[in-house]
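Protein chains in written order, with the numbering used here: chain A, 15 to 352; chain B, 15 to 352; chain C, 15 to 352.
Please note: incorrect hints may appear among the correct ones.
[Unchecked claim] When the alpha-carbon atoms are kept at most 20 Å apart in a straight line, the in silico DMTMM-like pairs for lysine to aspartate or glutamate are as follows:
1. 309/C to 86/B
2. 309/B to 58/A
3. 309/A to 293/C
4. 324/B to 293/B
5. 295/B to 273/B
6. 295/A to 273/A
7. 309/A to 59/C
8. 244/C to 273/C
9. 309/A to 255/A
10. 309/C to 273/B
11. 324/A to 293/A
12. 309/B to 273/B
13. 309/C to 273/C
14. 309/B to 59/A
15. 324/C to 273/C
[What the hints assert, rightly or not] Among chain A residues calculated to face chain C with C-beta under 8 Å, some are:
16. 17
17. 20
18. 76
19. 79
20. 96
21. 213
22. 290
23. 293
24. 306
25. 319
26. 346
27. 350
Think of the hints as simulated: they come from the structure by calculation, not from any bench. Every value quoted in this text rests on a predicted model; they were computed, and no experiment measured them. Each residue gets a CB set at the ideal place from its N, CA and C atoms; glycine is no exception.
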Amino acid sequence: QSSVTLFGVLDTTVQHASQAGASVNRLLGTGGNQISRLGFRGTEDLGGGLAAGFVLDMGLNVDTGAGLPTSENNQVNAPVAGTTFNRRSTLSLSSRQLGEVRVGRDFVPTYWNITVFDPFGTAGAGSAANLAQGSLTRLSTVVTGLRASNSVGYFLPAMHGFYGQAMYAVGENVSPAAAGTRNDGNYAGARLGYAAGPLNVAAAYGTTSLASGDVSTGNLGASFTAGAFKLMAQFYRDAKEQVAAPSRSRGWLVGAQIEWGQGYFPVSYSQVQDNSPGERKAVQIALGYVHNLSKRTAVYTTYSRIQNRKGAAVSGGGVPSVANATWTGLDLGIRHIF
Amino acid sequence: QSSVTLFGVLDTTVQHASQAGASVNRLLGTGGNQISRLGFRGTEDLGGGLAAGFVLDMGLNVDTGAGLPTSENNQVNAPVAGTTFNRRSTLSLSSRQLGEVRVGRDFVPTYWNITVFDPFGTAGAGSAANLAQGSLTRLSTVVTGLRASNSVGYFLPAMHGFYGQAMYAVGENVSPAAAGTRNDGNYAGARLGYAAGPLNVAAAYGTTSLASGDVSTGNLGASFTAGAFKLMAQFYRDAKEQVAAPSRSRGWLVGAQIEWGQGYFPVSYSQVQDNSPGERKAVQIALGYVHNLSKRTAVYTTYSRIQNRKGAAVSGGGVPSVANATWTGLDLGIRHIF
Amino acid sequence: QSSVTLFGVLDTTVQHASQAGASVNRLLGTGGNQISRLGFRGTEDLGGGLAAGFVLDMGLNVDTGAGLPTSENNQVNAPVAGTTFNRRSTLSLSSRQLGEVRVGRDFVPTYWNITVFDPFGTAGAGSAANLAQGSLTRLSTVVTGLRASNSVGYFLPAMHGFYGQAMYAVGENVSPAAAGTRNDGNYAGARLGYAAGPLNVAAAYGTTSLASGDVSTGNLGASFTAGAFKLMAQFYRDAKEQVAAPSRSRGWLVGAQIEWGQGYFPVSYSQVQDNSPGERKAVQIALGYVHNLSKRTAVYTTYSRIQNRKGAAVSGGGVPSVANATWTGLDLGIRHIF
């Protein structure tokens, strides 16, 4: 009568990536359809609509058996080595009426629109994050782009389709501190959405305080399901204060998941650009097919292509980035949920 | 029909600590009421009163999802990085008549009185370890203050209230070795106690051999339950050989857990001093309240204050230590056992 | 109804090792009878003879609670620190008719004959690996001697006693690359065997591409069970290209597991030599007894002695290697399967 549930995803893809004549073949163990993980979770009913719960969620490199790093201070990642519960490590008190208070390490509110409204779920060669969190964005300069440590979060209770969350996380610096370093690594953000029937729409905004200049990001996403088509769109912009241009970046994506046979086709078109003098720009087109062998197991393939323009050098998959060169990535993978 | 049981504690506290005008706000994920952990354990009945068993117990920083380091040689801790079974990693053979032989990494016998007879269970802002294992003690110079690797332990069987254990652990040095380094990291210690009805009393003594000078520690603790009051006291002294003063330290604690409503108040007064010329001294007063939401889940708060005198600079919670300055810590936390 | 099974082995031995007057006493937590581990596995029946499955298998140092390192590129091991699924981290699709495709980190085909046909199962003082993967062999210069990351493997289905597997693993280097480094860390190997009634025989061959010179290894093993005797033999040779002698090494082992009472005696004689001018040579004699307390729990002892000749300096167990000196190891341990 253990009060713990194990859960996880193993997803590995044979990936071929190339750019400007260079190429790499890899076995990518973090996943090309869903991100690989091993987790432990539990809940306890405290009565009166109140519950306690926890999640410990460990990222996995299935290709090597290694884990992934976390951050102690939201300023830099710790050096990699063993496994950590880098994805999520949280303890919660929740009330059916009042919502949930959640402490620990968690995804930041500003991450969700990027992944929920990406037909590829920010996994693999076609991930929206290739652009949205790639080298052309200001968001690529913070470790709080996906998750924050030392956080306290609040989630709204169920409210007729409205949902929302806010998070505050700290860098745990000593005060008084050198100018500008007091809040180094602090994150504050929120997300608000509405989901009903075929529609889901949400907006988020957040800021990370950094000694090198605060980075803020805002985004907006929506999906609409019509028969076999789940249409998706997202828009984002981010900015770094107190630095010369390129100090801002913005991008958008349109895409869909199209049911077909035992699976679906994810497809997306996205672009990102910064405010450097020439306005560097990258455009990604991605197409895949996910074939379900069961509810838990699928095989899939993804083809993605990023065109770099006006000096942009977005890359991925381990190939060195080259300005104005086209990157292509091809995934052939297996995903298993347990 | 797995023979493994998962167990654990997640405990996180929002902690404010300050000393001499400096302060830090942190989310402390190792725990303020019980120490955060995730474990795996199992036992096998071998018949005839004999059993085999194991425990793998991993410390957790819930605030970051990171683990905690262990020591390979009982001389220094390994560099941190991923999760390890730093708390306990043991394999046992036990007999109902003869007791238990336990090998691996485990808590040292000399640790138990410090934590069992502390109203705060050596967790959080009010921990007895703030003084008992703090910078003023000689024990703070060994990594075997809490646990030892490479250990063989023996535990007495149930004996009409008497209990006891002995441990020998090795630093695994090559012999012959440079003068004084042969036994570097070896630990030997024992604990003996008696528990019956409202009374529990125990004494322990242990020595760690170190190239820089052997460190020995002895302690004594007792608790007595009278109605809603569980009174506790402990005394300890430790010494480092072959070094100039401060070579010795000693301290004591009196405290209680006082049942109240759905919870209890932990309260303690403790002090420690060394044998430096001025006899540096630190005094801690701590008061808390633990409110049980269920048997497994509680919310709690602790206020603790350490006064440093005659040059002492005991600190905690991430603020830099300042001689003769008063340290204060405040916890507001949640603890969940699973 | 979790779809995950936990499994593992905890095995620790008090080991005394000595060579040329130097000695070390250790608690060896990786195991002296079976290798210590903690794992998670699951399978899903996909219908039509098809199944998906996974294994996450973490090596353990029970003596310290630490884990063991893995390799990211099959060229060097990552620096140790926390736990990793270094033993195995794989995702599979398997068909009863067509066999199994397995991706991730796994044992290399060329490892199996060394361990399956060793009476000591390559664990503890008497391990065949002391010679077969020791300092006299060319195989000791690759990290793919036991396992490879970034691998795709194929396993034959059940075929009237025939069994077999092939593996290809990559170092994930960028192409084009400096001369000789394109395939650095790539491994290719295969194993084919036949098991029926009392007989089991298998051969394996594999090559690791390295910038410093490719290393290939081939081996052959067999076992035959006759009453209480399980006889075992193995032969291996390995070679490193493009280096001066010693560039080759070869060895063999004969041994047996002899059932006796509630346990068995493992016993082996093995030797290895290289092609240095003097043909350095090491000979190991090992004898043990494994006493089963149950199917899952055993106590055991092993005595092993390695004689070094003609300049060989094979050692083990943490004592510095000395040319032409005799090494002895003695284990006294407990093994518990869960």
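A quick look at each hint next to the structure:
no. : hint           : verdict
1   : 309/C to 86/B  : violated, 31 Å
2   : 309/B to 58/A  : holds, 10 Å
3   : 309/A to 293/C : violated, 60 Å
4   : 324/B to 293/B : holds, 7 Å
5   : 295/B to 273/B : violated, 31 Å
6   : 295/A to 273/A : violated, 31 Å
7   : 309/A to 59/C  : holds, 11 Å
8   : 244/C to 273/C : holds, 8 Å
9   : 309/A to 255/A : violated, 46 Å
10  : 309/C to 273/B : violated, 48 Å
11  : 324/A to 293/A : holds, 7 Å
12  : 309/B to 273/B : holds, 14 Å
13  : 309/C to 273/C : holds, 14 Å
14  : 309/B to 59/A  : holds, 11 Å
15  : 324/C to 273/C : violated, 37 Å
16  : 17             : violated, 12 Å
17  : 20             : holds, 4 Å
18  : 76             : holds, 5 Å
19  : 79             : holds, 3 Å
20  : 96             : holds, 2 Å
21  : 213            : violated, 33 Å
22  : 290            : violated, 27 Å
23  : 293            : violated, 29 Å
24  : 306            : violated, 10 Å
25  : 319            : violated, 19 Å
26  : 346            : violated, 10 Å
27  : 350            : holds, 5 Å
Hint check: violations occur at hints 1, 3, 5, 6, 9, 10, 15, 16, 21, 22, 23, 24, 25, 26; the rest are consistent with the structure.
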